[in-house]
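Input sequences plus hints: build the corresponding full structure.
Sequence order for the protein chains is W and X. In case it helps, UniProt numbering puts the first sequence at residues 1 to 221. In case it helps, UniProt numbering puts the second sequence at residues 1 to 221.
Because the hints were derived from the structure by calculation, they are not lab data. Using N, Cα and C, we set each Cβ at its ideal position, and we do this for glycine too. Some clues are possibly wrong.
[Unchecked claim] Not the full set, but computed from the structure, chain X residues with beta-carbon under 10 Å of chain W:
id: 1; residue: A61
id: 2; residue: A64
id: 3; residue: Y88
id: 4; residue: E89
id: 5; residue: D98
id: 6; residue: K100
id: 7; residue: Y142
id: 8; residue: A144
[Stated by the list, open to error] Covered by chain X, per the in silico footprint, the following chain W stretches (three or more residues, Cβ under 8 Å):
id: 9; stretch: 69 to 79
id: 10; stretch: 182 to 193
Protein chains: 2
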Amino acid sequence: MARLFHVPLSPFCRKVRLSLAEKKIEVELVEERYWEADPDFLRRNPAAKVPVLKLDGKTMAESAAICEYIEETRPEPSLMPKQADARYEVRRLVGWFDDKFHNEVTSKLLYERVNKKVMGQGYPDSRNVKAGAKAIKFHLDYMAWLLDHRRWLAGDVMTLADFTAAAHLSALDYISDVDWNRSAAVKDWYAKIKSRPAFRSILADQIPGFRPPPHYADLDF
Amino acid sequence: MARLFHVPLSPFCRKVRLSLAEKKIEVELVEERYWEADPDFLRRNPAAKVPVLKLDGKTMAESAAICEYIEETRPEPSLMPKQADARYEVRRLVGWFDDKFHNEVTSKLLYERVNKKVMGQGYPDSRNVKAGAKAIKFHLDYMAWLLDHRRWLAGDVMTLADFTAAAHLSALDYISDVDWNRSAAVKDWYAKIKSRPAFRSILADQIPGFRPPPHYADLDF
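Structure follows, in structure tokens:
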């Protein structure tokens with residue numbers, strides 16, 4: 001069976017979990033305190049990051065590379081369109097969320113509020129939290145703008161771009177940092193993606209010391 | 001003709017320039033002071049980052065998405081192997097350099113020494129410069145370890161992984177921040193890649209206020 005070394009709220013791990021689940025690849029989840037840089041783990045990934053996936057007899061790192069590999073070896077159900085320009089748009093949005101959204105929002109809210117505590121690195125820096133809370137509004141508006149003329153973020157079919165965005169937003173939703181009232185289009189999009197069977201494992205996550213809000217796992221939030 | 005909005009020392013722009021040049025796609029280079037967030041530029045890329053490439057009537061952002069698009073629409077000469085596991089390894093290394101190396105080295109050395117000055121953001125933070133100078137040693141050793149049993153970084157053929165690494169290292173070499181004496185294998189690899197015609201435009205870059213060391217453009221450095 002596949003094995004994923006992960007932490008539950010990592011958006012990069014969640015993206016891989018969603019891809020695996022959508023393609024019905026069974027996986028054993030192993031929580032990895034990667035910041036402790038255990039030598040066994042460093043052998044698996046010298047980059048000292050999660051996710052690390054054992055699949056097909058290989059040990060793989062870097063979520064973007066992992067998701068492309070899964071897509072190429074298990075093309076159905078597809079998370080990538082066939083046309084080069086549609087594929088470009090999916091990858092652009094994956095980069096948007098994993099780079100820009102991550103730097104401006106996820107790292108400022110989730111890492112300040114949760115990771116610091118879990119890793120024993122002290123209290124949240126309120127300037128970062130404030131900056132993240134401001135930036136997420138811009139991003140939700142950008143998503144609303146995309147969804148104004150598209151059914152899904154990258155076009156008319158659900159793709160890896162949707163899973164990437166949902167991976168970040170679901171982790172932030174666990175700590176109540178997403179204002180779902182800002183855009184009906186974004187809320188509808190999240191309701192659609194949240195109700196997929198692939199999302200179940202993520203909605204069942206429980207992080208000791210952090211209780212999710214009641215709406216977190218509620219499909220009618 | 002294709003048009004690339006870029007800054008000369010950006011490793012992400014250099015990676016795209018190398019891909020275009022290797023595939024003999026002529027491109028007009030336009031320097032873009034992206035940090036000034038000019039409205040015209042924001043319309044091209046709301047992420048407010050370079051590179052932005054105009055190609056095939058489209059305006060594209062995110063270097064990873066751009067390079068995959070170029071590869072899919074102009075497959076020869078190839079910068080990506082055909083097998084899924086070899087493609088995974090290329091993408092893992094692209095992620096290694098564009099994420100880990102970028103965070104630990106490029107942003108600590110190049111952005112402190114050059115970008116801050118160019119953007120009028122003051123003086124380098126010596127703690128960052130020190131951390132970057134320490135981290136690059138680990139990365140050069142990791143490259144040496146890879147090259148100990150491979151001709152190129154991701155395997156036996158030159159790929160986008162080599163261009164990505166060379167994009168970062170060439171930008172750092174412009175400010176003399178690479179110790180080429182640390183590993184003969186890494187130096188040989190860089191000499192090979194530096195002598196490719198695709199590299200010429202990068203070796204001709206001149207940034208006002210920053211003169212490159214004499215070895216920068218020397219193929220026998």
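Status of the hints after comparison with the structure:
A hinted interface residue such as A61/X counts as satisfied when its beta carbon comes closer than 10 Å to some beta carbon of chain W; here the least separation is about 6 Å, so the hint holds. Checking A64/X against chain W by beta carbon gives a least distance of about 6 Å; that is within 10 Å, so the hint holds. The criterion of a C-beta within 10 Å of any C-beta in chain W is met by Y88/X, whose closest approach is roughly 4 Å, and the hint holds. Because the smallest distance between the Cβ of E89/X and any Cβ of chain W comes to about 8 Å, under 10 Å, the interface hint for this residue holds.
The interface hint given for D98/X holds, since its Cβ lies 9 Å from the closest Cβ of chain W, which is under the 10 Å cut-off. For K100/X, the interface hint holds, since its Cβ comes within 10 Å of a Cβ in chain W; the closest pair sits about 5 Å apart. For Y142/X, the interface hint holds, the least distance from its beta-carbon to any beta-carbon of chain W being 7 Å, beneath 10 Å. Contact between A144/X and chain W, as hinted, is not supported at the beta carbon level, the nearest pair being about 13 Å apart and thus beyond 10 Å.
Check result for the stretch 69 to 79 of chain W against chain X: holds, 3 residues qualifying (beta carbon to beta carbon below 8 Å, three or more required). Residue count for the stretch 182 to 193 of chain W with a Cβ under 8 Å from a Cβ of chain X: 0. That is fewer than the three needed, and the coverage hint is violated.
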